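**Q** Sequence:
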Amino acid sequence: MSSPLRFDRGHTDDLMAFLMASPSPYHAVATAAARLEKAGFRQVEETAAWDASTGGKYVLRGGAIIAWYVPEGAGAHTPFRIAGAHTDSPNLRVKPLPDTGSYGWRQIAVEVYGGTLLNTWLDRDLGLAGRISLRDGTHRLVNIDRPLLRVPQLAVHLDRSANTDGLKLDRQKHMQPIWGLGDVEEGDLIRFVAEEAGVGAEDVTGWDLMPHAVEPPAYLGRDRELLAGPRMDNLLSVHAATAALAAVAGQPDDEIPYIPVLAAFDHEENGSQSDTGADGPLLGTVLERSVFARGGTYEDRARAFAGTVCLSSDTGHAIHPNYGERHDPTHHPVANGGPILKVNVNMRYATDGSGRAVFAAACEKAGVPWQTFVSNNSMPCGTTIGPITAARHGIQTVDIGVAILSMHSARELCGADDPYLLANALAAFLAG
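Plus 2 on top of the position in the sequence shown (first one is 1) and you've got this note's numbering.
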């Protein structure tokens with residue numbers, strides 16, 4: 003069977019819209035869910051009883067989404083094909099008592115989330131997005147997508163060593179954004195956010211808010227062969243996996259030998275240990291309930307998991323032209339060279355030789371070139387949801403992704419062709 007769809011540069015255009023619509027993990031899963039709804043998927047509540055019906059379904063929990071498609075004729079022991087990703091990105095997060103300031107400047111108290119490159123948040127026009135929790139137990143998404151905040155850098159006249167000894171930033175003192183002039187007023191920010199959301203400030207009892215750069219994604223380069231934008235680690239993979247799942251679900255059911263799944267988790271950037279993270283029970287619970295809802299037993303569950311494969315898709319490092327010595331001397335992933343297979347023998351990535359064969363087969367079926375990434379032995383290797391998924395659920399997992407520059411910056415860079423090459427590979431994999 004051929005790949006179910008040929009994504010092209012239009013996919014990259016659509017990625018840009020997805021990034022703009024998704025300034026927080028909560029917006030990302032809402033945007034993905036809306037696209038799946040258009041493809042015929044329906045939301046199921048975790049608190050409701052699940053039935054044996056076929057078709058596309060999804061579960062939302064906070065900043066995570068698990069979606070799957072059950073074709074007609076699928077057995078209780080039918081294995082899953084999972085495209086895994088994460089919805090969060092390193093950034094700044096608003097503290098519980100956000101109103102602060104000094105010397106006549108009104109500021110917002112923020113905490114640093116994940117391993118962000120602090121200097122990339124300086125002197126940018128920042129909006130504010132996330133969700134607010136209301137007194138009645140509901141949540142409301144908020145996206146103030148206009149210049150509202152700014153983290154001002156100290157002028158070079160007051161820090162003559164910044165360009166010689168390197169910029170030194172204190173995470174507590176130097177990263178608090180300004181948003182106006184005047185005296186600090188307790189409750190001011192939440193009153194403003196509530197008004198923007200169209201609710202009363204007295205009804206807001208909790209919030210998960212974060213600044214975001216308002217500059218839109220853009221093609222870059224003489225031939226527009228590069229893409230610059232925010233949160234590509236890892237919304238690039240969330241977008242590709244969502245598109246791939248919708249494409250596979252549109253194929254005849256008798257051509258889908260597995261149950262294709264999208265698993266997009268929150269909190270990967272700080273260890274995945276939450277009820278919406280990959281180290282939590284969400285994925286395993288959803289897969290098990292799907293088996294049991296179709297009349298399966300524990301034996302069916304074990305058989306399904308034994309035949310399941312997950313492609314953990316996350317960004318990786320492209321060879322940097324100014325820092326070539328930081329990379330492995332024989333592995334040089336390049337922009338627009340196709341998705342990368344990520345390998346680490348110490349299992350910071352979950353890939354082994356068997357997983358390499360699965361990924362190679364998917365790329366071959368999709369007609370997609372691919373590359374291999376390995377860290378320089380002298381440099382520590384990052385990790386992903388891949389090893390967590392493999393260890394927690396006993397599922398064969400392969401780490402892949404797209405090679406980018408400026409990872410964990412407020413604005414990252416990739417090849418403009420790589421997003422749709424990844425989506426084609428994922429669609430071929432999910433289709434079996």
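Some hints could be false.
Calculated cross-link-like contacts (lysine to aspartate or glutamate; reagent style EDC-like; alpha-carbon spacing at most 20 Å) [to be verified]:
#1 175 / 185
#2 97 / 113
#3 367 / 257
#4 170 / 217
#5 175 / 101
Bear in mind the hints are in silico, worked out from the structure with no lab data behind them. These figures come from a predicted structure and were not determined experimentally.
**Q** For each hint, tell me whether it holds in the structure or not.
**A** Against the structure, the hints come out as follows:
1. 175 / 185: holds, 19 Å
2. 97 / 113: The hint holds at about 6 Å.
3. 367 / 257: holds, 15 Å
4. 170 / 217: violated, 25 Å
5. 175 / 101: holds, 15 Å
Of the numbered hints given earlier, the model fails hint 4 alone.
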